[in-house]
Structure formats: C-alpha cells, structure tokens
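Chemist: Protein sequence lines, in the order shown, are assigned to chains A and B.
Position one of the first sequence corresponds to residue 1 (this note's numbering), numbered consecutively onward.
Position one of the second sequence corresponds to residue 1 (this note's numbering), numbered consecutively onward.
Don't read these hints as lab results, they were simulated from the structure.
Where is the CB? At the ideal position from N, CA and C, for every residue including glycine.
Please note that a few of the clues may not be correct.
A few chain B residues facing chain A, derived, Cβ under 10 Å [claimed, not checked]:
id: 1; residue: L144
id: 2; residue: S239
id: 3; residue: P277
Here's a subset of chain A near chain B, in silico, CB distances under 8 Å, partners left out [stated by the list, open to error]:
id: 4; residue: T15
id: 5; residue: Y142
id: 6; residue: I154
id: 7; residue: V267
id: 8; residue: V270
id: 9; residue: I285
id: 10; residue: L293
id: 11; residue: L305
The calculated label-pair distances, taken between Cβ atoms and stated as ranges, are [claimed, not checked]:
id: 12; chain 1: A; residue 1: N287; chain 2: B; residue 2: F88; range: 23 to 33 Å
id: 13; chain 1: B; residue 1: H64; chain 2: A; residue 2: N286; range: 28 to 38 Å
id: 14; chain 1: B; residue 1: T283; chain 2: A; residue 2: A59; range: 48 to 58 Å
id: 15; chain 1: B; residue 1: T283; chain 2: A; residue 2: V318; range: 43 to 53 Å
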Amino acid sequence: MATYLIRKLLIYALTFVVAVSINWAIPRMMPGDPVTRLIARANLSHPEAVEPMRNYYEAVFGLDLPLWQQYFNYWGALFRGEMGISVWLFPSEVSEVIWNAVPFTLALMLPAILLSWLVGNKVGALAARSKWLDNTVLPIGYLLTATPYMWIAILLAWFLGIVMGWFPVAGGYDFGLIPMWSWEFVVNLATHWFLPFLSLFLVALGGWAIGMRNVIIYELEADYANYLEALGAPRRLVRRYAYRNALLPQITGLALQLGTVLGGALVTEVVFAYPGLGYLILNAINNQDLFLLQGALLFVVVGVLIANFIIDLLYIVVDPRTRTGLQGGTS
Amino acid sequence: MTQPAQTDPEVEGTKAALPDAAATTRKGSETIYFALRNPKVVGALIVVLGFLALGIFAPFFIDHRPTAYVGPPVQPPGGEWPLGTTLFGQDIFAQFVAGLRSTYLVGVLGGAVAAAIGMTVGFVAGYRGGWIDELLNMLTNIVLVIPGFVVLIVINAYLGTRSVPMQALYIGIFSWPWVARAVRSQTLTLRNRDFVDLAKLSGSSTGSIIRREVAPNMYSYLFMTFVLLFGGAILMAASLDFIGLGPTDAMSLGLMMNQAAQNSALHLGMWWWFVPPGLGITTIVGALYIMNVGLDEVFNPKLRET
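Extracted from the complex, chain B is given alone in its bound form (with noise of 0.2 Å):
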C-alpha cells in the first residue's frame, strides 16, 4: 500500500547469476559488505535496532504499567518524568516504549503475512500462467480496488477484543496486492531462462522450481518488498489506532495519539503529549523506506558510483 513504485522492478533480476551454493555464499557475504558501507542503509540501520532496543529493554527498568496514574498530571518533560506526564498522570515514556513494542510486532506480522500472500499469489501466477495466472491476476485486482483501509475500519469495529495479532493479521490480509503484482512481472522475465528449462527437464515440481530457481535471483528484491511492507503495515495499525479501533489489551503509538487528541492536549498545549509519538512512527518508517534507498544502491551496482 505504500510505493508501489519505489524500485523498479525490471532492474533487478537481470543479473540472473547461476544460483550455486558457493556463489550465493560470496554474493552473499559481498551484499554485506556493500551493505556495510552504505551510509543509507547504516544510518537507517541503527535508527531501526535504536528504537528497537528502547522498546525491548526500556519496560525491564520501569516498574509500573504504561496506563498507571503514577505521577503529577500535565508534567512538562524533564527530570523524573523523560517525557513528561499525562493529563492524568500517567508516565509518557514508559506509554512510548511500551508502543514502540506493539508498533514493531505489527510491523513484522502484518508485513510476514502480506509478503507471504504476496509472493505466493505472484510466484503462481507468474510461473504458471494460463487461467491460474487470470483467476489470480482478477483476485488481485480485487483487492487492489476495494478500499483495504475501510474495510479494515469495520472488521475492526465489529471485533469484541482486539489484539496487535489480530490487527497485523487482517492489516496483512489487504495490502499484498501490488507485492504480488511485482513479483509476478519479476517471474515473468524469470521464467524462461535457461536455468529454469533446465530444472523442468530435470523432473522438479513446480513448487521447487519456484523455491529453487525463481526466487533466489530475487531476493534482494523480495527483502526490499518487505522492508516497504512493514514500514505500511505500522501506519496502517497508527491510523486504525488513532480513531479508536487499536489493541484493547495494549498500548500502541497510535493510541498514544488518540488518547492526547480526545483529552484536548492540543488546547492544553500539552505538546509532550503527541510529539512523541507521532515522531516515533515519522522516524522508524522513514528510515525504514530510507533503507530501501540504500539496499537498492547496494543490490543494484549501477546506481553505486553516485
């Protein structure tokens, strides 16, 4: 749902290495190197594991729940409160790192599931062609068209509980159309290379040969796809959060927000309220999309010299 457009897949995969494991294994360790000294995908890099870490570690050193009323209300950030306090005493850090929690596990699921339906819809359709390849490429366009945001504002309000798993999992469910769009074009190109007829006349299924052959040439490409794909995955759960419909049993960025909105902090001026969390989510998927940049200088060595 966010940059369909964003690296063009037709660059990649031109490549087409013979996949061997000792050459995947020296690509591989060349990747990373390359990888390694790309200031774009360093700096994301560490912007990424940074907030990670916070969101991992930070709770183990906090000893009340995010909801407590365990401070002063409407504290300024500084001192006891790092970033100050709510309209009703309630400590902001201890909120921030505790969504940062759900926001990263939303991003990873909703983002696993996407890819998953994704690339297994493109793959298929790619590879296989004839009327599998229509009946998939009319399911995909379906669910292109169908407004996937205001679908998913009435799942969830007709949910009872909500939960981040659940909300990552239908979050999934309806933004892989335009992964699958992708990585069938890619299997296209893909599909009647030498090595591929060579895999059929060997015997291999299908399944195998996609597993086998296809898909190693675009791996850098399907990282990628994924990297995007978490990054939607997190503004999709802010903005579900934000009108009411997040986790219940959970605190999340965009819960952060919702709640600051509802209590007025904007007239209060209570701007430690929603700056933070808001410049979390700003911050993560913007290194995330930033290291997309990045990956794609590394994987593709024509744009490198720039």
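If we strip away everything but chain A, and leave its shape as in the complex, we get (with noise of 0.2 Å):
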C-alpha cells in the first residue's frame, strides 16, 4: 500500500511540475509577444512613447530577466499565490477572479460526474441481464457517447429553454438578482443550473453504461462465476460478485474520464453562458487575457490531480491487491 501510495505521489508531483512548466512555456514559444500586444492596445499616439512603455511593461512581466529566472520567478509567485493582475478584469485578481468562478464549475461537475456513474453503472447492468434492455440500452448510449457536448446542450436549450419556455439558457442566475442565501435566488440558480447539468449527465451516462456492460458480460463468462454457478449458487450472488468486480475497471475509467468530463463542462458552460472556468476561459482567450488563461489552467490541472488522487485512494479501499502491497496488472 505505502509503495501504492508513494508511487502515485511521485506521478502526480511529476505530473504538476511537467503543468506548471508547459503552462509557463506555451505562451513563451508560440509566435508574437504579450508587450506588443498590450502596446498595440495601447494606441499609442506618440510613436516615441512605444519604448518607454516596451521597458516597463516587461520589467513589470519580468520579462526582461534571462528565461531561466523567469522560469524560477514564476514558480515561486506561485508557491506565494500569486497569479498576476487580470487584463480583463482590471484590477482584479486572478486567484480571486477564478475562485469566483470555481463553485459554478464544482456545482456542475461533480453532480453530473458521480450521478451518470452511478447510474450508468446501474442501467449497463441491468442491460447484460435482459436482451430487451440490452438491445434499447446499447444504440441509446452509443448515440450519447458519439454525440458531441456542446451540441446536446445547444439542442436541450433550444428545446426545453426556448421552445418550451422551462428553463433560462443563459447565465448563472438572472441579472436583475443579487446573490444572498434567499429562497428565490437559490430557485433561480437551480433553474439556470439544471441544463448545463443535463446535458453533461446525459453524454457521460451512455459510456458508463455501455462500459458496465461490456465488463459484467465479460465477468460473467469467468471461471469463478462458471464455478459458482456449478455450485448451485444463486444467480443473483453470481451476479453481486460479477457487479463488485466491474466495479473496479469502472473506476479506473472514472479516472480515465475526468479530463474528458472537463472538457464537456467548459464546452456547455460556453454554451449556457454559465459563469464557470470554461466560461472564465473562453474570455480570457478572446480578451488574450494571459494570466487569468495560464491561472485557469494551472487551476484545473491541480484539480484534476485532487480527484485522481482521491480516485486512488478510493482503489485502496475497494481493491484489496494494492492493499497486500501485489500490484494487479497494470497500475
């Protein structure tokens, strides 16, 4: 378990240092630098002005220092928490811009994450049982899992928002509210917040079904089930231990999946104008806003680190072979 455990750290500490180093990188190698940039938006009227501004501005980024210390530089601001200044929304800062932002993406995920697991782990079950389920099952989830993010919102807001006229498809609460702890702001949020949670529950739903699926088929066919099955056990406790063990893959592939859940989230947050990071992001980059885009991103990798963390430790508790120290297959 130790061995487990010290294993998976050195990975995720790998892993944050390879993020933090591409994050500090991109914006340095690809072409055109943020000092003209924020020159150009300047607009200068005095051309003599520009090389005044160019100094200060990088001495400002620190720009001006070997990359090197730059590279060093940013690791420490960071281990201070320190994000820089928004461009976007000037004065704010980025930490507390994306802490803002953060609760929405939370809200929105972790529910739609956890209950499409659950269920779909539930329905892929039930499919490899019955041959009429398993034939409504497997087409519906292959069309879920095939069906792009943003598009399946886009169709639940154009239907359920606009053309039924149930839901708001936009925003995170309505703008005429002030957000407090009332019974009426907290009605309007869930409203704003249940399509955009739809629609990620609706895409990840098929894939755990058809995974569980898949697998419990393949558990069934095992010889410890043939065996407990010559026994004379019942096929219901057949079936329980077929389900446990399915289990164990599908959680390996919820931590597979985070990343691609994520992506879905920021996707549908554009979508619903929904105040999260997805949203934070998209502004950023129309607003070639660099801090708060590497602030966001760092923020998301360590988020996605946090998870698979607990991911693992839940593996400890669910599987006993990292418990006794035996690596099964390939961890």
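With the hints in hand, could you dock these two chains into one complex?
Modeler: What follows is the structure, encoded as structure tokens:
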C-alpha cells in the first residue's frame, strides 16, 4: 500500500511540474509576444512613447530577465499564491476571479460525474441481464457517447429552454438578482443550473452504461462465475460478485474520463454562458488575458490531480490487492 | 480519450496463431467474409463511407465558397437551398459538405498521430521492460492525468494561424496514453510466447520482432483502436472549433455550430443551422463506435454466435 501510494504521489508531483512548465512555456514559445500586444492595445499616439512603455511592461512582467530566472520566478510567485492581475477584469487578481468561478464549475461537474457514473453502472448491469433492455440501452448509449457535448447542450437549450420555455438558457442566475441565500435566489440558481447539468449527465451516462455492460458480460463468463454457478449458487449471488468485480475497471475509467468530462463541462458552460471556469477561459482567450488563462489552466490541472488522487485512495478501499502490496495488472 | 474499456484487451491475441504468410492471407479473407456478414459493420461502413463520399464529391457540384453570401437570409430547408441558409444568406449545405471534409481529415490525421505514438510507446514499454518500461509508463501516466483538452485550448489560443492538420497533430499528441497502456498490456502477454523466443534466438532485432511477431497478433485490436481514436479526434476537434479555436482557413462542423450559437440561431428558431452539423458528427462517430462493436464480434468468435 505504501509503495502504491508513493508511486502515485511521485507521478502526481511530476505531472504537476510538467503542467506548470507547459503553462509557463507555451505563451513564451508561441509567435507574437504579449508586450507588443499590450502596446498595440494602448493605441499610443506618440511613436516615441513605445520604447519606454515596452521597457516598463517588460520590467513589470519580469520579461527582461534571463529565461531560467523567469522560470524560477514563476514558481516562486506560484508558491506565494500570486498569479498576477487579470487584464480582462482589471484590476482584479487572477486568483480571486478564478475562485469566483470555481463553485459554478464544481456544482456542475461533481453531480454530473457522480450521478452519471452511478446510474450508468446500474443501467449497464441491468442491460447485461435482459435482452430487450440490452437492445435499447446499447444503441442509445452509443448515440449519447457519440454526441458532442455542445450539441446536446444546444438542443436542450433550444427545445426545453426556448421552445417550451421551461428553463432559462443563459447565465448562472438572473441578472436582476443579487447573490444571497434567499429562497428566491436559490431556486433561480437551480433553474439555471439544470440544463447544463442535464447535458453533461446525458453524454457521460451512455459511456458508463456501455462500459459496465461489456465488463459484466465478461465477468459472467469468468471462471469464478462458472464455478459458483456449478456449485449451485443462486444467480443473484453470482451477479453480485460480478458487479463488484466489474466496478474496479469502472473506477479506473472514472479517473481516465475526468479530463474528458472536464472538457465537456468547459464547452457546456460556453453554450449556456454559465459563469464557471470554461466561460472564464473563453473570455480570457477572447481578451488575450494571458495571466487569467494561465491561472485557470493551472487550477484545472490541480483540480484533476486532486480528483485522481481521491480515486486512487478509493481504489485502495475497493481493491484489496493494492493494500497487500500485490500490484494487480497494469497500474 | 474515448472508451478505454470498450473492448477487453485480454480477449484478443489469445488465439496467437503462428503468423506464416499463407495463414495470414487465409485469415484475412475469412475476416472480410465475417465482416461483410455482420450487420453492424456493414451498416456503419455504409454510413461512414456515405458521408465521406458526400464530403468528397458534393463540393464539386457547388460553385460558390461555403462562406460566400449567395442567397436570401434565414431560408428554411427546401427547394434551392437543401439545408436552408444562415442569418447572412450563406448556403448551409455547402458549409456542411465542406465541414465533412475537415471532420474526416481531422479524424484520420489525429487518429493516426495518436495511434503511432501510443502503439510505439506501448510496444517498446511492453517488450523491452525494465527501466525503459518504467520511464515510458511514467510518461504515459503524466500525459494521462494532464487534462489534454485544456492544454489544447491554451495551445490553440496562442497559435497565430490555425489549420486542420495542425489541430489534428495537437489532438493526436494528447490522446495516445490509453492506447499505450492497452498495447503495453497486450504486448506483455505476447512477449514470452514460444514464437517470440524463437525469433529472439534467431537473432532478430527488437524492431523486427515487434513488427513481425508481436504486432501481427494484434492487428485486429490495433485496427479497432484506430477506429476509436478516429471518433475521439473528431469529437475533440468539434469542441475546439465550437469555442472559436477552430481552423481559420477552413469550414468545419464545429465552426458551423459556433456561428449558429454566436448569432442567436436558437432564439431565432433557425434549427436548420445548428441541427445538421451536430447530427453529422453524432452519426459519424456513433457509426464508428458501432462498427467497433461489430468488429469485436468479427475478430472474437466467442461473441459471434449471439
């Protein structure tokens, strides 16, 4: 168990370093430098003002230092919790802007991921049992996994939001309301939340159902299942063992799919103009807000790392092999 | 990035017939025979090839560019404009068939890049073992945990000009880890077979053993992997295009949805602007996934009876 955890922690630490480095390097490797962009934005009328302004900006962003020093400065600032000032929402701090967006994204993703996983596994296990359910679940499941996140979001917004008029299709809450813990505000919040949640839930659901169905069918053909059946064990018991065993790969799948669902959440937020991280990233791109973009990316990476770590801990609880130190298969 | 657990790697490769020339050709024709009798494979092939043909040939019969303003605005489908026109009077059918082209291009290129990296890493890690395996495993795990889509957003955002091949390349670079894992675990089961030992004794190099002895036993699995990667790349490209990071020099299905959403097609009730591109992607990717199920039945006789 200790070696398993140490191994995992090492990978997370390395991933974090790589992610931070990518984050630092990409804007510096790409054509066009941010300072020139900023100067172009300032619309200077005096050409001689360009040079002092360039020097000023380069000093402010620390771009006049050698590259390696910039790199270490970046790490230093990071550990002090400094991510710079947002250009788009000047003069707000990047960290503050991100913290305001995070609750919305979490409220969208957590229920969508967990509920779709639970329901999908149940439906998939049921589908492995009955022929007619299998014949309906399988095609619908494949259709749902093949659907682009934004398309199902657009369809839901159009049909349930605009044609039927049941749900609002933009924003986190009505613009006329002030955020507070009143009944009216919470209801308003919930109606704005429902459609983005539903679209994420639906797309993820299909994948889990299909995955569970396939694994269960495979487990029911395994030796232990045949043996139990030969012993005359009730079918329910065999299925329960198969279900428990099938959950293991599904938990691994949960870790694998986190990044994908996250991408889906970001795109869905864009469709509904939902004020979470995805909407923030889009605005950061459109406003060439380099610091906000870097901060948001870093936050997302750290979030995914933490979520993966939680799943790894869960794995220890569910899979006894990790506890006894026997590394099972490929982990 | 799509379904890593959709097909079980352990099932395949257990047959492990000695790959001599005669056997492979016989096996090949047998596979095609069973594939053409499988309704899932045939149906999916018809859909995928049908859309491909539409994307390849239809643009030749349209004499205006997909972005040209050619007709009256806000025309519902029918008559002169088979899929209607946009808010600005652009021909949606012309955009759709042009978008199909980039969809297939991104799928094939992105899938190929991801397959090439994933298979190389998986084969080498599984066959060589030792510290090379450890190192490649660590690399795989790192790329697996980094949310590729977000990095793609950042990379795309900083690129000056964006083209479909570049987009496909970046997508491929971030979607190979699960392939590497699956191929590695398959290679591990094949590594100690007699025919591999025989090749080792006869002094073949690592590369040729992987190519001639190990890989042929996994061709079916590798092909199915590519089908999944193809679909995954299409979906990812559509998401990137939708948030406005698509190609700047071409039309794509994701871009169509982006423009529809940006120009409030939803509020105007112009369903013909945002339904066709999404439906196109869903149909193509769905057909690919179903083809995968069918191929599984073709390659795995155990599943064939049902």
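Chemist: Hints first: check each against the structure and report whether it holds.
Modeler: A quick look at each hint next to the structure:
no.: 1; hint: L144; verdict: 7 Å, holds
no.: 2; hint: S239; verdict: 5 Å, holds
no.: 3; hint: P277; verdict: 8 Å, holds
no.: 4; hint: T15; verdict: 5 Å, holds
no.: 5; hint: Y142; verdict: 5 Å, holds
no.: 6; hint: I154; verdict: 5 Å, holds
no.: 7; hint: V267; verdict: 5 Å, holds
no.: 8; hint: V270; verdict: 5 Å, holds
no.: 9; hint: I285; verdict: 4 Å, holds
no.: 10; hint: L293; verdict: 6 Å, holds
no.: 11; hint: L305; verdict: 6 Å, holds
no.: 12; hint: N287/A x F88/B: 23 to 33 Å; verdict: 25 Å, holds
no.: 13; hint: H64/B x N286/A: 28 to 38 Å; verdict: 30 Å, holds
no.: 14; hint: T283/B x A59/A: 48 to 58 Å; verdict: 55 Å, holds
no.: 15; hint: T283/B x V318/A: 43 to 53 Å; verdict: 38 Å, violated
In summary, the structure is inconsistent with hint 15 from the numbered list given earlier, while agreeing with all the others.
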